[in-house]
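Protein sequences, first through last, are from chains A and B.
Heads up, the first sequence is in this note's numbering, so the first residue is 572 and it goes up one at a time.
Heads up, the second sequence is in this note's numbering, so the first residue is 9 and it goes up one at a time.
Hints are computed from structural coordinates only; laboratory data are not their basis.
Ideal placement from N, C-alpha and C gives every residue a C-beta, glycine not left out.
Where hints are given, some of them may not hold.
Restraint-style ranges between C-beta atoms, simulated for each label pair [said to hold, decoys possible]: (1) Glu-26(B) <-> Asn-669(A): 52 to 58 Å; (2) Glu-16(B) <-> Asp-651(A): 58 to 64 Å; (3) Ser-163(B) <-> Ser-613(A): 56 to 62 Å.
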Amino acid sequence: MSPVKFTIESLSLSYSKGAPPSLRDVTLGIEENSLMAFIGPSGCGKSTFLRCLNRMNDFVRGVEITGRVLLDGEDIYAPDVDVTSLRRRVGMVFQRPNPFPFSIRENVAYGPKLLGERDRGKLSEIVERSIRNSGLWEEVKDRLDAPASSLSGGQQQRLCIARAIAVEPEVLLMDEPTSALDPMATARIEELARELKKYYTVVIVTHNMQQAARVSDETAFFLMGELVEHGPTTKIFTTPSDKRTEDYITGRFG
Amino acid sequence: MDRYRDTEMDELFSKLFELASLTQRALSDAIWALSHHDKALAKKVKDGDDAIDELALKIDAESFQMIARYQPVATDLRSLEACIRIALDLERISDLAVSIAKTTIGLDARIKPLLGLTPMGEKVTEMLDTVMRSLLERDSSLAESVFPMDDEVDSLEDKVFSELFEIVTGTRGIIQGADRLLMVARFLERAGDHVTNMSEQICYMLTGRRVKSSDYRRPLTEMPDAG
Chain A
572 MSPVKFTIES LSLSYSKGAP PSLRDVTLGI EENSLMAFIG PSGCGKSTFL
622 RCLNRMNDFV RGVEITGRVL LDGEDIYAPD VDVTSLRRRV GMVFQRPNPF
672 PFSIRENVAY GPKLLGERDR GKLSEIVERS IRNSGLWEEV KDRLDAPASS
722 LSGGQQQRLC IARAIAVEPE VLLMDEPTSA LDPMATARIE ELARELKKYY
772 TVVIVTHNMQ QAARVSDETA FFLMGELVEH GPTTKIFTTP SDKRTEDYIT
822 GRFG
Chain B
9 MDRYRDTEMD ELFSKLFELA SLTQRALSDA IWALSHHDKA LAKKVKDGDD
59 AIDELALKID AESFQMIARY QPVATDLRSL EACIRIALDL ERISDLAVSI
109 AKTTIGLDAR IKPLLGLTPM GEKVTEMLDT VMRSLLERDS SLAESVFPMD
159 DEVDSLEDKV FSELFEIVTG TRGIIQGADR LLMVARFLER AGDHVTNMSE
209 QICYMLTGRR VKSSDYRRPL TEMPDAG
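Bound conformation, chain B alone:
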């Protein structure tokens, strides 16, 4: 049976994909701006955040309106839960992109960006791309493939830390800039965590199973009954 609320659900998810593409763009621009000392691009990322926030709020509001109007259950309910939470994660990732952009704006151009930061940023962007593709293709195993990628992000963060340590011990003058770059590594690590949240949510939406990124290697178990 065709249900008119399916059309509304499709429209809601189109907005979510739009939010994802804006967020992805903000993140990759923020990383590019940092590694190329492009303050103009960094400013553009910062200025674009309001539109992202607005879209995230709109998705949130429309999801709750659908809950109120249709009292969804089963897949419909899980889809709306996913929509609300994913929009929140995307909005947070875009805030982190803004934090990276602000770092670039305040950073002395003479500081060489840490080598590990760019691959770290690229990895997070790839995770984000993968997770949104898993949603588009309704493929939970693709969503799960994001979990090991987050481990790579974490080890890249370790690499950035050691780089930083070398800089701090080698050249006293740039400690201030280096600690800002350390913050950038932390921002990227958090962005990666948001993407894994999104993966978990997509798995639950598609299969009804609760999976955790921390046990992606173990066999998946049934969700315990809430009641």
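Here chain A stands alone, though its shape is the one from the complex:
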């Protein structure tokens, strides 16, 4: 068994004081170099939970978080944690591709430059490696200086993945990364996600249960802020333990 990358202990979250909690007492371990999928109906807390893993919820005014989130055993909510460096270690890819209004090359070089990389040779090495690893190289190698907006939606999403991995994160969080893509582009991202888990720990939030079944090693099912059940994906999709999981994945509610 791989070492545990993330350990989440009794995590609860409310978006404002007195509001019903959006996450209730969630405890979960995420293994290194595994691909974990979070599934559940809209509003179940799966994206909220994902955003706790790189403190994206810090941007929400009035949010209250209790419990602990440990990355390699260290509490990411401890007062001395540098959130920028946390987000370098824990990268994120969003639902809709959001390339910067720059060239393909500049999109990928942006992060490393921000971290102080000035050497043009090194930068172009990073750009090529990242774009190769996101499976986009063959399609863009001859037009790296074209605007990112000239790419198709699926290509843009792979560019965003290249941008995320250019800063060599340890964990890649993907929040419904294929919900805006067609089936072919979706298939490419799914293949890519499976490839990426060799180098990173990958966590993917998805509305598409078949996607979770196809790509993930582990699946966690959320319902109304509660982590109902988690375990090996094969187990969850053949013999789930909880009736609510069974009802959700077989389409009886949600």
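With chain A held as given, fit chain B onto it using these hints.
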């Protein structure tokens, strides 16, 4: 939530029950024909097999179509797996009934059927009835009750063997017929094994636990994770 695919699943299982009742009929007719030297009935069993094969193929095809269309998981997936495998077991049992019928057709009427064969056939028919009832009533303990019955079938087979031995040592002239009856005992024993396969499949479908007929006396254990 009502799901339109539940209706399709219900229709599929009605076909499976129809297959089971045809198979059951073929088996009991084959045994009756054997013990009453009724070659006409034996021929009817033989001729009825094509319809059974056709229905089994139809169930198979429709199950796979549902897998392709709905990508079922959990209970839905286990139900379709059960449907496919049970249809296969039923089809095999009906083939064995045909083998018994063929034996009857080729058998000299003067040979007295072995005493143990009829109860053996009746026991297998009872197992088949029980297992299909367990599916209808979604009762896994009823499915498990089939396992000890298979042991009875096995000991009845031993009884037929000793009977056969007595015949062979006593009367030289009917050795040829006796060895055919020995084959019938083997056919029935195999039919019993198919019914226990069906029970195991029904238990998995209903509970998600893998049970084996060989350890029906031991406490049931969780299925090991496939991944």
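Checked hints:
1. Glu-26(B) <-> Asn-669(A): 52 to 58 Å: With a Cβ separation near 57 Å, Glu-26(B) and Asn-669(A) satisfy 52 to 58 Å, so the hint holds.
2. Glu-16(B) <-> Asp-651(A): 58 to 64 Å: holds, 59 Å
3. Ser-163(B) <-> Ser-613(A): 56 to 62 Å: holds, 60 Å
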